[in-house]
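Novice: Mind docking chains B, C and D with the ligand on chain A? Use the hints.
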Amino acid sequence: MRAGIVLFPGTNRERDMAIALAKVSGGREPVMIWHKETSLPPLDLIVLPGGFSHGDYLRCGAMAAQSPVMRAVRDFAEAGGHVLGVCNGFQILTEAGMLPGALLRNAGLRFLGQDHSMRVEQTDSIYTSGYAQGQIIRVVLAHGDGNYFADTATLDRLEGEGQVAFRYASPSGEVSDATNPNGSQRGIAGIISANRRVLGLMPHPEDYVDPLMGGEDGLPMFAGIVQGLAA
Amino acid sequence: MSARPVSEKLAREFGLNAEEWGRVQTIMGRMPSFTELGIFSVMWSEHCSYKSSRIWLKELPTKAEWVVHGPGENAGVVDIGDGLTAIFKMESHNHPSFIEPYQGAATGVGGILRDVFTMGARPIANLNALRFGRPENPRTKRVVDGVVRGIGGYGNCVGVPTVGGEVNFHAAYDGNPLVNAMTVGIAPKDRIFLSAAAGIGNQVVYVGSKTGRDGIHGATMASAEFDANSEEKRPTVQVGDPFTEKLLIEACLELMGTDAIVAIQDMGAAGLTSSSVEMAGKGGVGIQLDLDSVPQRETGMSAYEMMLSESQERMLIVLRPGAEEIARAIFEKWDLDFAVIGHITDTGRIVVRHKGVTEADIPLGPLADEAPLYRRPIQWPVPLPVLDNATITCTMPTDQALLQLVASPDLCSRAWIASQYDPAVGGQTVKKPGQADAAIVKIEGSNRALAITTDCTPRYCQADPKMGGMQAVAEAWRNITATGARPLAITDNMNFGNPEKPEIMGQFAAAIQGMAEACIALDFPVVSGNVSLYNETEGKGILPTPAIGGLGVIEDAHVARGIAIEPHQDLVLIGET
Amino acid sequence: MKAIVTVMLKPGVLDPQGRAIGHALETLGFDGIGDVRAGKIIELELAETDAGKAKAAAEAMADKLLANTVIESYRVEVV
Amino acid sequence: MKAIVTVMLKPGVLDPQGRAIGHALETLGFDGIGDVRAGKIIELELAETDAGKAKAAAEAMADKLLANTVIESYRVEVV
Ligand SMILES: Nc1ncnc2c1ncn2[C@@H]1O[C@H](COP(=O)(O)OP(=O)(O)O)[C@@H](O)[C@H]1O
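Protein chains in written order, with our numbering: chain A, 1 to 231; chain B, 1 to 577; chain C, 1 to 79; chain D, 1 to 79.
Chain A extracted, bound-state conformation (with noise of 0.2 Å):
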């Protein structure tokens, strides 16, 4: 698998996510794009990161959504490329206008940083399918802008076509707004693309791929990345 990761001013969750794709590809180093570049090397997935790209100053991932590397990772997508945001990257996917919705101010007002369960909602994406249908799933939260807003309509046309991927969940996985834990429109946690290529999500995966680190939730995914990209 050849995987790139998208550096823009202010991104931090590189080397977490550089870990985790290396960790299921046989420790090869997913290659660095700086958010200059207006052309891509070949690739067969490209990881927009967490972190604070360009400080979060305004709305979080609007300056990085109009850097000139975006217009070439939209290409890539468009050409049927796999694009996972996490975090902050899902801020800029939205932004991009690359997934529906935007993503507001935590309904707390506060920073989480803390553990939460999702919910895996559907498996039929090379993000998902190393999870089984309901599958609760713990994982790192780290964010001040994870509330998850779209109009009605959105919602319904996303939740037909399939395109929930995660939900916030309680651990036994009931999903409430007790198991909000930042105010998105029904609890959604990550969102995908209808032709099932472009994920993007608030919480981090790449954070939970090594027990020593507190847990392994994390690792299906990109074990899935890279089984679905091999086949």
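None of these hints come from the bench; they were simulated from the model. Note that the structure is a prediction, hence the values are computed from the model and not measured. For glycine and all other residues, C-beta sits at the position ideal for the given N, C-alpha and C. Heads up, some of the hints might be wrong.
[As the list claims (entries may be wrong)] Keeping only pairs whose Cα atoms sit at most 30 Å apart, straight-line, the calculated DSS-like set for lysine-lysine is: (1) D:Lys-53 / D:Lys-64; (2) D:Lys-10 / C:Lys-64; (3) C:Lys-40 / D:Lys-40; (4) D:Lys-53 / C:Lys-55.
[Said to hold, decoys possible] From the derived model, a few chain D residues whose C-beta atoms are all more than 10 Å from chain C: (5) Lys-10; (6) Gly-12; (7) Gly-32; (8) Val-36; (9) Gly-52; (10) Lys-55; (11) Met-61; (12) Asn-68; (13) Val-70; (14) Glu-72; (15) Val-78; (16) Val-79.
Specialist: Same frame as chain A, now just chains B, C and D with the ligand:
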């Protein structure tokens, strides 16, 4: 601020006493200029000169086989094996955090990060030791909220995990909270960067953010007591920009990968003044600065303002000949300001030029060597009598007492605070807040991990400063040991009241003695630290608070143990109860 | 010229910050407080000297970057 | 009545957000952009019907909560 006639009165306003003012005139052999007086006053402030504490700090043990650099550098450096070092320090931002809790705490984190990465280390962990007033004091809520959001706002953005800390509440901190921030970084042992300038003619380069009129005289403010007017008198508050800091970390580490740097120093308290004076002073050379080239955010800034500004996210670098283009390209890539603002000379003087005028010309030797040093009068503390258990009667059932204890401000869950920090970024955090007695952070690409903790129990220090100092060191040592790590060294943050009061100096001296004894007994030297005095509001001092930041190493991170008990495990109690 | 761009969440988009402010004001003893909305304001110094062109430029900036029209609306004023 | 409270950083206080926005606009090809300052706007529905009183109330709210007067200044408009 425009220049005013220099006089003894102005010197006093700048925080110099009559004797110090006399000494300035003797050194200069003439009336100093306004800018020169500004430079003397900040360099000789308590904050920069340690004039009250220096003689006592000498009592702390600072050496061990594994200590690479002890106190005197920007941060302490210890060998952790595998050709690596841990570089760490703790620093206070108490006064700014009371005036503007969010920005005060945020810039505190920014400052300590710079102390660590300026030595070539990539920061891998942040901790914070916080003391607030009573929870029922309305002001406390605002301060807690702002400080916690400020620490998170800065640390989360720069992408350094905040992995631990401690919090206490006590009426003595109502008007003077303590915000002590600690950063730990990792650097290869053969790539450590120091601040001593060298090489006559070498360029002095300014990088980072532009200079504004922020925090002028911050260092002298940090060396004065608060009174009711402090909030009006306060100089412009410094606003932190963690985004720029993140870029600065990456750009500096990238430049450190080349051989362009002779010396590097962050601009902390007293900004351009202390960084240039210290770099030239340590190198035994002279320095000439041309302020016209300093990147400026505001118009019409005077030499005095530029020399004393405490604008954040700035560094000073002495470059090797011919390295300018390499360095410039890196800082431009990261969208940071880069300017050659001077050069190293052989004069042993700092010369500051602005708009064709020499605004300052001071001999560096006397500026450092003749800085005031005080052996202030001391009244040794009399420890409070130890309570006799036999005289204490039980007034409530044990279970009820336990509940009350668990719910008390000093013992209740810290999750509300810790969950506003990102403990995981970097992907190396093995034990997060609440999981072990010390945080455990692995070193990427190695099996090794560091165990890091902050400890102090001000209550104990108040009852008996010497025992309290000793206990704080011992607790740090125990917390590290309890994870399975080998304790290596500590950093400290001495937070005390007004040193001109003999009883406060007594607390300080006694705490140092206790710490020194514990450090010697445990072979646990002090490699860096910070002193914050004058923590008083309207004459009332804080509890003596010698905060200790301890660091240890564990060869195999998998061996590290937390506090969670699993089913069917036995509980063993060690030591006398 | 100076362009002032005011960006507010669209009606129908929940504004937790506005709600929290309203709540805090009530806790502080202020009463008679109805809906509270929080927004952003961006003041731009522009070299442009023609008011119409300055306004058009600021609107283009708002469309492109300053506002996210999925959730926000904006207004531009030139002074 | 409606009170609009605009809160800006005081002149001289670093505005990293404004700076970043200005920089981003330039990267997007907008030119002639000078200083950019970012602030907050808070719109309050008030039960008060007297404009003078509404303004005084909003000013009290700004002093007490909406603005951090150590680094920010505010202005109130009643509509
Ligand atoms: N200000 C803080 N920032 C981050 N973590 C904190 C802070 N205060 C406390 N913690 C963490 O919360 C946990 C419990 O704190 P505390 O009760 O002081 O622990 P202990 O008594 O074991 O030192 C510890 O892991 C500590 O590191």
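Novice: All hints are to be evaluated individually against the structure, with a verdict given for each.
Specialist: Hints and how they fare:
Distance check on the hinted pair: Lys-53 (chain D) and Lys-64 (chain D) sit about 16 Å apart at the alpha-carbon level, within 30 Å; holds. The suggested pairing of Lys-10 (chain D) with Lys-64 (chain C) holds, with an alpha-carbon distance near 28 Å, which does not exceed 30 Å. As the CA atoms of Lys-40 (chain C) and Lys-40 (chain D) are separated by approximately 5 Å, the hinted pair is consistent with the 30 Å bound. A C-alpha spacing of about 34 Å is found between Lys-53 (chain D) and Lys-55 (chain C), which places the hinted pair above 30 Å, so the restraint is violated.
Annotated as non-interface, Lys-10 (chain D) keeps its C-beta farther than 10 Å from every C-beta of chain C; the closest such distance is 13 Å. Consistency note on Gly-12 (chain D): stated as away from chain C, and its beta-carbon is indeed over 10 Å from all of that chain's, at 15 Å minimum. Taking the minimum C-beta to C-beta distance to chain C, about 3 Å, the non-interface status of Gly-32 (chain D) is violated against the 10 Å cut. Annotated as non-interface, Val-36 (chain D) brings its C-beta within 10 Å of a C-beta of chain C; the closest such distance is 5 Å.
Non-interface call for Gly-52 (chain D) relative to chain C: holds, since the shortest CB-CB distance, roughly 15 Å, exceeds 10 Å. Listed as a non-interface residue, Lys-55 (chain D) keeps its Cβ farther than 10 Å from every Cβ of chain C; the least gap is roughly 14 Å. With 10 Å as the threshold on Cβ separation, the claim that Met-61 (chain D) sits away from chain C is violated: the shortest Cβ distance comes to roughly 6 Å. Chain C leaves Asn-68 (chain D) outside its interface by the beta-carbon criterion, the shortest separation being 13 Å against a cut-off of 10 Å.
Against chain C, the non-interface label of Val-70 (chain D) holds: every CB pair exceeds 10 Å, the least being about 18 Å. Listed as a non-interface residue, Glu-72 (chain D) keeps its Cβ farther than 10 Å from every Cβ of chain C; the least gap is roughly 12 Å. The beta carbon of Val-78 (chain D) sits about 14 Å from the closest Cβ of chain C, which is more than 10 Å, so the claim that it is off the interface holds. Remark: the non-interface label on Val-79 (chain D) is consistent with the geometry, its nearest Cβ contact in chain C lying 13 Å away (cut-off 10 Å).
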